[in-house]
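The hints should help you fit chains V, C, E and W with the ligands onto chain B, whose structure is shown.
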Amino acid sequence: MTATAAGPVLLEGRDLELWRGETRLFTKVSFELRAGELLHIVGPNGCGKTSLLRVLCGLTLPETGDVYWRERKISRNRADFHASLCYLGHRESLKADLTAEENLVFQLGLRAWLSKADLHAALDKVGLTKRRHVPARSLSAGQKRRVSLAKALASGARLWVLDEPYTNLDVAGRELVDQMMSEHLARDGLVLLVAHQAHGVAAGVTRRLELG
Amino acid sequence: MTATAAGPVLLEGRDLELWRGETRLFTKVSFELRAGELLHIVGPNGCGKTSLLRVLCGLTLPETGDVYWRERKISRNRADFHASLCYLGHRESLKADLTAEENLVFQLGLRAWLSKADLHAALDKVGLTKRRHVPARSLSAGQKRRVSLAKALASGARLWVLDEPYTNLDVAGRELVDQMMSEHLARDGLVLLVAHQAHGVAAGVTRRLELG
Amino acid sequence: MNEWPGLGTAFWLQLTRDLRLAFRHIGQAANPLMFFVMVTTLFPLALSPAPELLQAIAPGVIWVSALLASLLAAESLFRQDVEDGTMEQLALSPQPLSLLLLAKTTAHWLMTGLPLVLMAPIVGHALFLPGDAVPETMLALLLATPVLSLAGAVMAALTVGLRRGGGLLSLLILPIVMPVLIFGARATDMAMQGLDVGGVMYLLAAILLLAVSLAPAGMAAAMRISLD
Amino acid sequence: MNEWPGLGTAFWLQLTRDLRLAFRHIGQAANPLMFFVMVTTLFPLALSPAPELLQAIAPGVIWVSALLASLLAAESLFRQDVEDGTMEQLALSPQPLSLLLLAKTTAHWLMTGLPLVLMAPIVGHALFLPGDAVPETMLALLLATPVLSLAGAVMAALTVGLRRGGGLLSLLILPIVMPVLIFGARATDMAMQGLDVGGVMYLLAAILLLAVSLAPAGMAAAMRISLD
Amino acid sequence: MFAFIHKLGSPPHFWRLSGTMVPWFSWFAVVLIAVGTVGGLWVAPPDYQQLDAFRIIYFHVPSAWLSQFGYVVMAAAAAVGLIWRIKLAHAVAAACAPIGASFTVVALATGSIWGKPMWGTWWVWDARLTSTLVLLFLYFGYMALRAAIDDENRADRASALLAIIGVINIPIIKYSVEWWNTLHQPATISKIGKPSMDPEMLVPLLVMWLGFTFFFFAVLMVRTRAELIARERNKKWLREVIGRG
Ligand code: HEM
Ligand SMILES: Nc1ncnc2c1ncn2[C@@H]1O[C@H](COP(=O)(O)OP(=O)(O)OP(=O)(O)O)[C@@H](O)[C@H]1O
Ligand SMILES: Nc1ncnc2c1ncn2[C@@H]1O[C@H](COP(=O)(O)OP(=O)(O)OP(=O)(O)O)[C@@H](O)[C@H]1O
Ligand SMILES: [Mg+2]
Ligand SMILES: [Mg+2]
Numbered sequence: 000m001t002a003t004a005a006g007p008v009l010l011e012g013r014d015l016e017l018w019r020g021e022t023r024l025f026t027k028v029s030f031e032l033r034a035g036e037l038l039h040i041v042g043p044n045g046c047g048k049t050s051l052l053r054v055l056c057g058l059t060l061p062e063t064g065d066v067y068w069r070e071r072k073i074s075r076n077r078a079d080f081h082a083s084l085c086y087l088g089h090r091e092s093l094k095a096d097l098t099a100e101e102n103l104v105f106q107l108g109l110r111a112w113l114s115k116a117d118l119h120a121a122l123d124k125v126g127l128t129k130r131r132h133v134p135a136r137s138l139s140a141g142q143k144r145r146v147s148l149a150k151a152l153a154s155g156a157r158l159w160v161l162d163e164p165y166t167n168l169d170v171a172g173r174e175l176v177d178q179m180m181s182e183h184l185a186r187d188g189l190v191l192l193v194a195h196q197a198h199g200v201a202a203g204v205t206r207r208l209e210l211g
Numbered sequence: 000m001t002a003t004a005a006g007p008v009l010l011e012g013r014d015l016e017l018w019r020g021e022t023r024l025f026t027k028v029s030f031e032l033r034a035g036e037l038l039h040i041v042g043p044n045g046c047g048k049t050s051l052l053r054v055l056c057g058l059t060l061p062e063t064g065d066v067y068w069r070e071r072k073i074s075r076n077r078a079d080f081h082a083s084l085c086y087l088g089h090r091e092s093l094k095a096d097l098t099a100e101e102n103l104v105f106q107l108g109l110r111a112w113l114s115k116a117d118l119h120a121a122l123d124k125v126g127l128t129k130r131r132h133v134p135a136r137s138l139s140a141g142q143k144r145r146v147s148l149a150k151a152l153a154s155g156a157r158l159w160v161l162d163e164p165y166t167n168l169d170v171a172g173r174e175l176v177d178q179m180m181s182e183h184l185a186r187d188g189l190v191l192l193v194a195h196q197a198h199g200v201a202a203g204v205t206r207r208l209e210l211g
Numbered sequence: 000m001n002e003w004p005g006l007g008t009a010f011w012l013q014l015t016r017d018l019r020l021a022f023r024h025i026g027q028a029a030n031p032l033m034f035f036v037m038v039t040t041l042f043p044l045a046l047s048p049a050p051e052l053l054q055a056i057a058p059g060v061i062w063v064s065a066l067l068a069s070l071l072a073a074e075s076l077f078r079q080d081v082e083d084g085t086m087e088q089l090a091l092s093p094q095p096l097s098l099l100l101l102a103k104t105t106a107h108w109l110m111t112g113l114p115l116v117l118m119a120p121i122v123g124h125a126l127f128l129p130g131d132a133v134p135e136t137m138l139a140l141l142l143a144t145p146v147l148s149l150a151g152a153v154m155a156a157l158t159v160g161l162r163r164g165g166g167l168l169s170l171l172i173l174p175i176v177m178p179v180l181i182f183g184a185r186a187t188d189m190a191m192q193g194l195d196v197g198g199v200m201y202l203l204a205a206i207l208l209l210a211v212s213l214a215p216a217g218m219a220a221a222m223r224i225s226l227d
Numbered sequence: 000m001n002e003w004p005g006l007g008t009a010f011w012l013q014l015t016r017d018l019r020l021a022f023r024h025i026g027q028a029a030n031p032l033m034f035f036v037m038v039t040t041l042f043p044l045a046l047s048p049a050p051e052l053l054q055a056i057a058p059g060v061i062w063v064s065a066l067l068a069s070l071l072a073a074e075s076l077f078r079q080d081v082e083d084g085t086m087e088q089l090a091l092s093p094q095p096l097s098l099l100l101l102a103k104t105t106a107h108w109l110m111t112g113l114p115l116v117l118m119a120p121i122v123g124h125a126l127f128l129p130g131d132a133v134p135e136t137m138l139a140l141l142l143a144t145p146v147l148s149l150a151g152a153v154m155a156a157l158t159v160g161l162r163r164g165g166g167l168l169s170l171l172i173l174p175i176v177m178p179v180l181i182f183g184a185r186a187t188d189m190a191m192q193g194l195d196v197g198g199v200m201y202l203l204a205a206i207l208l209l210a211v212s213l214a215p216a217g218m219a220a221a222m223r224i225s226l227d
Numbered sequence: 000m001f002a003f004i005h006k007l008g009s010p011p012h013f014w015r016l017s018g019t020m021v022p023w024f025s026w027f028a029v030v031l032i033a034v035g036t037v038g039g040l041w042v043a044p045p046d047y048q049q050l051d052a053f054r055i056i057y058f059h060v061p062s063a064w065l066s067q068f069g070y071v072v073m074a075a076a077a078a079v080g081l082i083w084r085i086k087l088a089h090a091v092a093a094a095c096a097p098i099g100a101s102f103t104v105v106a107l108a109t110g111s112i113w114g115k116p117m118w119g120t121w122w123v124w125d126a127r128l129t130s131t132l133v134l135l136f137l138y139f140g141y142m143a144l145r146a147a148i149d150d151e152n153r154a155d156r157a158s159a160l161l162a163i164i165g166v167i168n169i170p171i172i173k174y175s176v177e178w179w180n181t182l183h184q185p186a187t188i189s190k191i192g193k194p195s196m197d198p199e200m201l202v203p204l205l206v207m208w209l210g211f212t213f214f215f216f217a218v219l220m221v222r223t224r225a226e227l228i229a230r231e232r233n234k235k236w237l238r239e240v241i242g243r244g
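Residue numbers (numbering that gives the first Met the number 0), protein chains in the order written: chain B, 0 to 211; chain V, 0 to 211; chain C, 0 to 227; chain E, 0 to 227; chain W, 0 to 244.
Honestly, the hints are just simulated from the structure, not real lab data. Treat each hint with caution, since some may be false.
Derived DSS-like pairs (lysine-lysine); straight-line CA-CA distance at most 30 Å [what the hints assert, rightly or not]:
no., chain 1, residue 1, chain 2, residue 2
1, W, Lys86, V, Lys129
2, W, Lys86, W, Lys6
3, W, Lys235, W, Lys86
4, B, Lys72, W, Lys6
5, V, Lys27, B, Lys129
6, W, Lys86, B, Lys27
7, V, Lys115, V, Lys72
8, W, Lys6, W, Lys173
9, B, Lys27, W, Lys234
10, W, Lys115, B, Lys27
11, B, Lys27, W, Lys235
12, W, Lys86, B, Lys72
13, V, Lys129, B, Lys27
14, W, Lys234, V, Lys129
15, W, Lys86, W, Lys234
16, B, Lys72, B, Lys115
17, V, Lys115, V, Lys129
18, W, Lys115, W, Lys173
19, W, Lys6, W, Lys235
20, B, Lys129, B, Lys115
21, V, Lys129, W, Lys235
Quantities reported herein were computed from a predicted structural model and do not represent experimental measurements.
The following block holds chain B by itself, in its conformation from the complex:
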């Protein structure tokens, strides 16, 4: 699928190359992403999708190449880029001893002025209103994933980086993810998605990047 251009390029990867140990995971990976676009990264297990996402977020230094956000290198522009970024990895990144709500208050508090109402709206949307005072340790796997989704919703970030967001979710949960992404794209957001299944996003522009 090719995309119809719209607006300026917001996120750009240029000629990225990454090595892990003795093996080259990928080389010459380049792409551009504009407002309202979704990039679906696919490839077999272990081909380097998660590693690519980490490079794009600035967690890993690539061997060569650079990532640009609003045409500035992310390494030069870290705070600004990270303020527009919400990354959901394979792991849930929740403190097991804090409740769902406490976890969100802390993680979101670092990045945006957050109203209680927004937070509760997000928790409500993912269906955790009743469970918000349960320590994350006692949540089920799907419920933990939903807390992460609530984080993306309430973060107000422009760019969502989602690594297998459908994991552990029931059917309703997977539809919720699709709906969230569609709405986010409609709001001129950007999505980087890694998922083995096909996604159900119709709105916006979706592109595909094959790795490995």
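The following block gives chains V, C, E and W with the ligands in isolation, referenced to the frame of chain B:
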């Protein structure tokens, strides 16, 4: 779906009830499982599927009810039951600092006399032959899951308890799980499966248990 | 203008989160303190209870146990956050990582260093430390324990992705903090002899300043390497 | 007849796994030794380098480091296994959990207790401990350090499970650990004075026997509760 | 400047350069050490107080000096590697640590051997001895950290950071230990080091010192080449040079 009975009941849950905090997760759960049967447990997120599996394995004590393996309570018969059981939970249970192979040698070594050849065959089947000397920390999410699958394959256990085995797997990986389960059932094995997707097992008898 | 919350807010959020976590595990929080008490009671038991001997070794005992108690806690300072993925999220927040790690270290100090300072009079009494030397010792501990926490934090950030065991962390921390130990113990010693401890205190304060200004950047750099 | 491997095999597997985790590289086996050398260096630095004084505190130093080394690592003895799910798998293996936990504790002792026993002559020399007292000290350490490791392991199993009450319960361990330390230090002290240490050794051996026979069951019970 | 550093930092360039320099350095070292040994052990007159025991100085002092110099070289290389992301510099730092640690061990051992007749004991808690011991711990820490990290890239950067922290701390350690010791003035220790040394003793010492330094750099280059072989084993240039001979 109802099943056609075949052979004696191997695993049986009778009238299981479990509470977590203030809420009753489930009550009056009973089922019987015979050789060559698969029980697919379904239900929305947080309804208690994982908790039920833990009860069935003997990790959690139910409020009422008992679990029987070959008509003996599992609490009376722990070593015997656990020798026939392989449990793959939401987490991978791998030591991050040991390689895939070392992890398997250790975990399987506790439960069965294991030949190197069997181990390598299992690793080969899940496609990890090349990666078997990489520490688990450096494996990708899907590769970790494949190590767990290899464990089930090489364990020689009669009863497989699989909690969302499809997680993080690519298309080929998911087909592999289905194929593994089919072959296991054909060998008169038993499978307890929790999965939100439909499984692709045609052989053997498959039953369904709805929770929540 | 930034749209994200200021440094003060971020520091405060991180600090309160860590304290709240610690107090959910109150047992863990009490560990360094317990250790400190055990070590100081052990010496009179292990040696002869003669007051002169105890008094002679009092500075050494107090300072070595302070050092070891903070070492004990450094191991777990960042490990859990890295393992459960929270550290990644911190590194991806718009706030400077050095600030957040400094806040974590502050929380750590409040739980391990500060109690030692407050316990010093009791421990000193048990070891027949002359009453006059107690205020000086407390001041010296107040200046020195943050340095111990900071040094521990830098080394913990360096080793956090690594397998545990084997005492690697202590191998890295102990040589680095040796000067603090020497100056601190000397301060107590001199106070016992009624000498002026001003000079030592200034030295300790200078080391503290140095540590506070350099350590956060070091921690952040180390942590980014460990997360890579 | 069981089809699964025997107790000895299981014990050996668990033991070697834990050792391998700690010492991926053979060089890392030296780290615990280094740790003791360093702790011993701290005391002369914190006290004074005068031989008489060092000699007087030598027993205290040796025994406090023994305590420290065992408790330092005990906190994290089972935590990681519980967090990454490996402990669940141990509980689901046909082997008795108490045996596996005992093997883990043995590995812990091999990494913390044994090096101390082996280092005792060097540490003793650095602190001017009379050469005659060294064999007795080593023997006493050999009897006492396993008890410290076992006590630490029980404490760790309790704290990992009973999250809130862990701190209180670990206080219960103190009464077990204290006598060991007192007798141990006394043995060194008596040996330095050329007295007969037979009685103390029997006492230490008795405590060790008691600990070995009771601790594994305790650990396993605590662990099963915590996994529920 | 930047281009120069990068040219110097290119492994093939270093390989060629070091290939020609190692033999020279080795020969210088052998000759100088031989001359120094003869001068020190036979030509120099026995010390009026210590008699012949003092002759161990010809091994002790150069190795003690190199133990500190080695750390500085290591930290400088590590800093260059960390700041400019030059892999060769990391290789130099990694190669330097065991050499520096060995010289530290030699300094400690020769010092102890000397101490036995001087003080009647192998070890005293003297300032210089203690800070040398701490230096050894710093080396060990560096090497242990490297060994604990599997990923080479990460090992390079993490250990570089550690080396830099250590080098900031070395003066503080030295100073604090000296201050600690002067306060106590342990009775048994006679001050080591006499500033006035007659030239017949001094010249061989300087020659030895020079020889040891050449030796140090020769070993450093050889070890760095070994590191390069391990690190660049998949690179084409290495295959070529090794294939050629
Ligand atoms: C384990 C024991 C010892 C260690 C670790 C040690 C360490 C050192 C060090 C690090 C230096 C270099 C100082 C510098 O570069 O400024 C040095 C120099 C020297 N040492 Fe030792 N030393 C030891 C024992 C001794 C003994 C027993 C003597 C003789 C009494 C001695 C005599 C000297 C002399 C004469 C110098 C050179 C003069 C100077 O730089 O002041 N050392 N030693
Ligand atoms: N230190 C290392 N040594 C060798 N290989 C490594 C190392 N670190 C990572 N790898 C490999 O790099 C790849 C990283 O994969 P990554 O996690 O990016 O995969 P992925 O595409 O996200 O896979 P999945 O679909 O399973 O999540 C894996 O094949 C892994 O084995
Ligand atoms: N201590 C507790 N207090 C309150 N609720 C608890 C406690 N422990 C567990 N729960 C609840 O019990 C349920 C346990 O769910 P379980 O993990 O069995 O769900 P699941 O069916 O496996 O869900 P998923 O599909 O998300 O994996 C969750 O709703 C959880 O919130
Ligand atoms: Mg991935
Ligand atoms: Mg579940």
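Here is what the structure says about each hint:
{"no.": "1", "hint": "W:Lys86 x V:Lys129", "verdict": "28 Å, holds"}
{"no.": "2", "hint": "W:Lys86 x W:Lys6", "verdict": "12 Å, holds"}
{"no.": "3", "hint": "W:Lys235 x W:Lys86", "verdict": "16 Å, holds"}
{"no.": "4", "hint": "B:Lys72 x W:Lys6", "verdict": "26 Å, holds"}
{"no.": "5", "hint": "V:Lys27 x B:Lys129", "verdict": "25 Å, holds"}
{"no.": "6", "hint": "W:Lys86 x B:Lys27", "verdict": "22 Å, holds"}
{"no.": "7", "hint": "V:Lys115 x V:Lys72", "verdict": "34 Å, violated"}
{"no.": "8", "hint": "W:Lys6 x W:Lys173", "verdict": "36 Å, violated"}
{"no.": "9", "hint": "B:Lys27 x W:Lys234", "verdict": "19 Å, holds"}
{"no.": "10", "hint": "W:Lys115 x B:Lys27", "verdict": "65 Å, violated"}
{"no.": "11", "hint": "B:Lys27 x W:Lys235", "verdict": "20 Å, holds"}
{"no.": "12", "hint": "W:Lys86 x B:Lys72", "verdict": "23 Å, holds"}
{"no.": "13", "hint": "V:Lys129 x B:Lys27", "verdict": "24 Å, holds"}
{"no.": "14", "hint": "W:Lys234 x V:Lys129", "verdict": "22 Å, holds"}
{"no.": "15", "hint": "W:Lys86 x W:Lys234", "verdict": "14 Å, holds"}
{"no.": "16", "hint": "B:Lys72 x B:Lys115", "verdict": "34 Å, violated"}
{"no.": "17", "hint": "V:Lys115 x V:Lys129", "verdict": "16 Å, holds"}
{"no.": "18", "hint": "W:Lys115 x W:Lys173", "verdict": "24 Å, holds"}
{"no.": "19", "hint": "W:Lys6 x W:Lys235", "verdict": "18 Å, holds"}
{"no.": "20", "hint": "B:Lys129 x B:Lys115", "verdict": "16 Å, holds"}
{"no.": "21", "hint": "V:Lys129 x W:Lys235", "verdict": "24 Å, holds"}
Figure legend: structure checked against the earlier numbered hints; hints not met, in rising order: 7, 8, 10, 16.
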